[in-house]
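Enquirer: Construct the complete structure from the given sequences, taking the supplied hints into account.
Those protein sequence lines, which keep their order, are chains A and B.
Here our numbering = 1-based position in the first sequence + 252.
Here our numbering = 1-based position in the second sequence + 252.
Source of the hints: derived by calculation from the structure; they are not laboratory data.
It is possible that some hints are incorrect.
Because identical chains cannot be distinguished in the list, a pair is counted as satisfied if it fits within a single copy or across any two copies.
As the list claims (entries may be wrong) - Derived DSSO-like pairs: lysine-lysine, alpha-carbon spacing no greater than 30 Å straight-line: (1) LYS589 <-> LYS686; (2) LYS356 <-> LYS542; (3) LYS589 <-> LYS683.
Now for the letters of each chain:
Protein chains: 2
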Amino acid sequence: MPSGKLHCIPLGGLGEFGMNCMAVRWGDDILVIDCGLMFPESELLGVDIVVPDITYLLENRDKVRAILLTHGHEDHIGGLPWVLNELNVPVYGTEFTLALVENKLEEHGLLDDAELIEISPNARFKIGPFTVHPIRVTHSLVDCVALAIHTPLGVIIHTGDFKVDPTPTDNVLFDLHAFAEYGKQGVLALFQDSTNVERSGYTPSERAVRPKFEEVFARTRRRLFITCFSSSIHRVKLAFELAFQHGRKVALVGRSMTEAAEIGMDLGYIDAPDGLLIAPGQMRDFAPEKICVMISGTQGEPMSALSRAAVDNHKHARIEKGDTVVLSSRIIPGNEKAIYRVVDHLFRREANVIYDDGSWPPVHVSGHASQEELRLVINLVKPRYFIPVHGEYRQLRRHAELAKSMHGAVGQTLMIESGDILEFDELGARKAGKVPVGRICIDSGAMGDVVEDLVIKDRRHIGEDGIVLPIVAINKLTGRAESTEIVTRGFASQSVENELIGQAREIVARTIESSSAEELADYGVVKEKIRADLKRFISKSTQRRPLILPVILEI
Amino acid sequence: MPSGKLHCIPLGGLGEFGMNCMAVRWGDDILVIDCGLMFPESELLGVDIVVPDITYLLENRDKVRAILLTHGHEDHIGGLPWVLNELNVPVYGTEFTLALVENKLEEHGLLDDAELIEISPNARFKIGPFTVHPIRVTHSLVDCVALAIHTPLGVIIHTGDFKVDPTPTDNVLFDLHAFAEYGKQGVLALFQDSTNVERSGYTPSERAVRPKFEEVFARTRRRLFITCFSSSIHRVKLAFELAFQHGRKVALVGRSMTEAAEIGMDLGYIDAPDGLLIAPGQMRDFAPEKICVMISGTQGEPMSALSRAAVDNHKHARIEKGDTVVLSSRIIPGNEKAIYRVVDHLFRREANVIYDDGSWPPVHVSGHASQEELRLVINLVKPRYFIPVHGEYRQLRRHAELAKSMHGAVGQTLMIESGDILEFDELGARKAGKVPVGRICIDSGAMGDVVEDLVIKDRRHIGEDGIVLPIVAINKLTGRAESTEIVTRGFASQSVENELIGQAREIVARTIESSSAEELADYGVVKEKIRADLKRFISKSTQRRPLILPVILEI
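Expert: Okay, here's the thing in structure tokens:
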């Protein structure tokens with residue numbers, strides 16, 4: 253065995269939800285697995301997205317050979333614009349994953365300089381001392397892979413996100429045989445997805461949603477709106493099929509849904525017979541029972557198409573009495589209130605709303621492996637070392653306990669968190685220090701459908717650009733804004749600020765006047781609208797981007 | 253049938269979660285059913301609790317005869333201090349409910365002036381034109397009743413919160429017979445709890461948690477911490493019993509847990525054999541395997557005993573490696589992040605954490621009726637009119653749909669929301685206008701264990717007392733506060749403010765210095781500590797109570 257040290261260093265996603273990113277280093281060569289974002293917690297007001305701190309990679313920038321992507325979800329690819337901007341290295345991913353990445357990089361003007369390299373399951377490739385073997389896994393979107401990385405010390409396997417779907421809708425099976433083969437040959441370390449470790453049994457197949465979708469299409473008499481994670485290509489495909497069968501036209505509403513569906517069609521994952529698709533503006537030309545709208549906004553994001561349609565503030569998507577709205581998605585923890593607010597608005601419009609309420613057949617199934625699938629993969633791989641990844645601390649801990657109890661299948665279980673250096677050598681494995689990690693908060697320009705240049709912006713700059721707090725008092729009885737105060741700190745000279753504050757107050761007043769009663773009752777929406785409008789105004793008039801934190805007081 | 257109009261007017265709890273309150277009026281006589289609070293949404297920063305606007309009652313103060321309580325949960329009694337302060341009328345409740353109310357009123361110095369009247373199941377009483385018949389129901393706490401109110405137009409039944417527990421732990425059965433008898437005689441209107449309408453089947457009996465508790469007591473080798481809603485007397489009783497059997501002493505930690513358990517013992521619901529209970533300070537005198545701690549803080553409230561113990565900041569409750577912590581409670585929507593943060597802290601301390609993760613046998617069961625129980629009560633009562641209560645809009649709507657489908661059992665289903673006047677007369681029922689309703693935000697003095705006078709304070713006064721925003725930049729890498737800004741608006745004269753700001757900055761610096769690394773990593777805790785400390789300081793030095801909104805920036 254060669255002497256030397258293999259370092260596996262999670263830079264995000266271990267002990268926190270999202271922004272998955274892990275560095276794998278042998279000597280002077282570093283590979284990075286995934287590069288995700290995290291959606292901000294409510295405590296981080298005024299932040300759009302959060303990405304991992306990559307100080308470690310920047311300090312070793314001459315050693316970083318590539319970023320390898322397991323699949324195209326935001327918590328695995330969403331940090332790429334930020335990272336490539338700082339460190340432009342080749343990005344490896346499957347066809348579908350790279351198509352999502354291309355869109356994202358193009359938006360931020362980074363595509364021309366990016367080097368994107370397509371990989372395929374079972375097509376091995378070499379990078380420095382590593383040989384990488386992508387292995388097909390099943391998940392809630394298409395074209396996902398686990399990565400078996402051959403290192404001088406042995407093979408490590410990173411599962412990416414997966415479930416073991418025995419009946420995937422595209423009939424592309426989870427490659428049990430590849431995992432089994434590695435298990436026979438011997439595996440140094442298995443890094444496995446912890447997301448659903450709290451669930452016993454097996455996660456249902458993606459096919460399990462079909463009966464519910466069929467029932468909904470059969471029973472719906474008016475317009476049908478469906479929202480799902482835009483990258484849930486399996487489900488978009490199912491909706492297209494059923495819409496065609498039931499004689500409904502399909503309109504795509506919302507940027508993320510439109511882009512993902514278009515990629516799915518371009519790459520042949522989704523079949524759209526001629527005449528099936530219509531533009532959102534054409535909806536009015538068809539009877540309500542001839543319309544199926546695929547719409548963005550599963551998480552109740554205040555500016556998403558569905559949230560706006562729910563409060564009657566979307567140009568094309570009008571939801572009326574008797575329409576049906578299907579939320580085919582899970583609630584990401586922390587988003588409960590926002591989502592139920594949208595559901596309540598929809599019920600108030602007298603729509604039929606179908607959401608994941610635990611009833612069977614399900615309108616949504618998870619894309620992550622439950623306990624029995626986790627055990628299955630461990631038994632196939634029989635790793636010397638087992639390391640749980642992708643999870644909050646309690647999930648990592650429970651996953652470690654699950655693995656520890658599997659005598660005969662796991663040599664040793666190790667718990668590490670973001671920033672820990674996990675070191676392997678001929679003597680074994682151990683934690684060997686820490687690298688700096690953390691959350692970088694990004695303030696991404698405009699919200700909503702208008703695509704602005706994303707100004708990647710570190711919170712460290714706040715001292716320079718200052719802070720603006722619009723404080724709006726809304727009278728609960730009348731729904732009117734009774735007063736608006738604009739509090740600022742250090743974002744321009746006093747005289748400029750004084751002038752701006754008057755104008756800013758007018759902007760806020762206008763934003764509120766232009767809002768419907770339903771929007772005003774929904775403070776999440778009001779705050780987001782104020783933030784977007786003020787940001788646009790201040791950025792135009794001062795070229796600065798202060799932190800904007802709207803505060804709503806109910807009086 | 254007498255001519256006249258019966259008005260039923262929900263003042264809270266219909267179309268929103270919490271603050272249940274309904275007025276029932278015939279001519280010049282008004283009864284109020286329940287008087288709850290709501291815990292504030294995260295959008296309402298700087299607010300401790302929320303109570304219903306009772307303008308309608310105040311405008312008719314000479315007509316309000318009584319407040320009738322169905323049971324002792326905060327969302328049914330928590331608004332009493334605020335309401336009695338404005339409108340001191342007799343309060344009717346069962347023995348246990350009134351014991352909780354007494355504690356609450358005493359805290360706020362309102363007990364001496366309050367008129368509390370004890371009621372019992374099946375003991376009817378007259379108030380003006382109404383005869384009230386309390387009917388025993390089962391729920392997650394003891395001594396709960398539904399109310400059958402005989403009015404000149406017929407009987408209306410309000411279920412309060414309930415489930416139909418076939419095997420209650422105290423063997424006091426749900427009074428199916430009383431509901432059945434009313435069903436035979438004819439019921440004008442049934443107002444029924446909608447909380448669990450989204451759940452199919454039956455809610456498990458409270459007895460269902462016993463096997464899990466037995467397993468935990470049998471397997472735990474070190475200290476055992478149990479948290480549950482403090483009013484869950486059934487579960488506190490179970491823990492006492494098992495602690496006694498397993499030779500563990502019981503310590504009560506946290507104010508709400510201590511108070512509720514003491515009431516339970518005083519009233520004979522809980523049996524504590526001599527020597528079972530020890531003071532928190534005595535814990536150190538016993539071996540870890542001889543200790544069971546009943547502790548407050550199921551919802552991850554930042555200043556609760558459990559949250560503080562989880563970050564090693566509680567005087568008596570120290571949680572160490574190998575200790576077991578049981579969270580026998582549900583997650584109230586909106587609290588997911590706070591609760592999982594506590595669970596993560598506990599896992600980091602290498603405690604065994606048992607929480608409601610969907611596994612069986614359950615460590616928690618709901619206290620609210622699922623669909624089949626809702627149908628059962630409807631079939632027993634066979635009301636002319638059915639009105640869903642206690643629920644967000646989607647729950648009311650689904651409950652209405654459930655009732656509508658019960659042909660032969662329900663005459664007509666009506667959907668109303670807080671503020672709607674539901675009018676009955678000899679011709680039928682209809683919505684007849686609105687009364688003002690809304691949320692009154694209350695800023696309740698100090699947090700934590702120190703009981704201060706609760707200054708009931710309406711948000712309308714903000715204009716008078718101003719606003720203070722401590723803005724703290726915390727360096728994620730070092731965990732240190734790098735700068736603190738105090739932004740104020742209109743809470744004192746400029747010169748006073750300038751002086752105060754300097755001192756306030758010191759207060760915040762001290763709060764942060766005195767916080768452990770674990771606390772600093774938990775912004776919810778940091779914000780709450782800053783808020784409590786600043787509030788105390790400002791209130792002492794200025795006698796004013798500005799709104800304090802801490803903002804944490806991560807840099």
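Enquirer: If a hint holds in the structure, say so; if it does not, say that too.
Expert: Hints and how they fare:
For the homomeric pair LYS589 and LYS686, the shortest alpha-carbon distance between copies (26 Å) is at most 30 Å, but the shortest distance inside one copy (37 Å) is not. Proximity of LYS356 to LYS542 under the C-alpha cut-off of 30 Å is found in neither arrangement, the shortest distances being 33 Å within a copy and 59 Å between copies. Within a single copy, LYS589 and LYS683 get their C-alpha atoms only as close as 40 Å, which misses the 30 Å cut-off; across copies the closest is 29 Å, which meets it.
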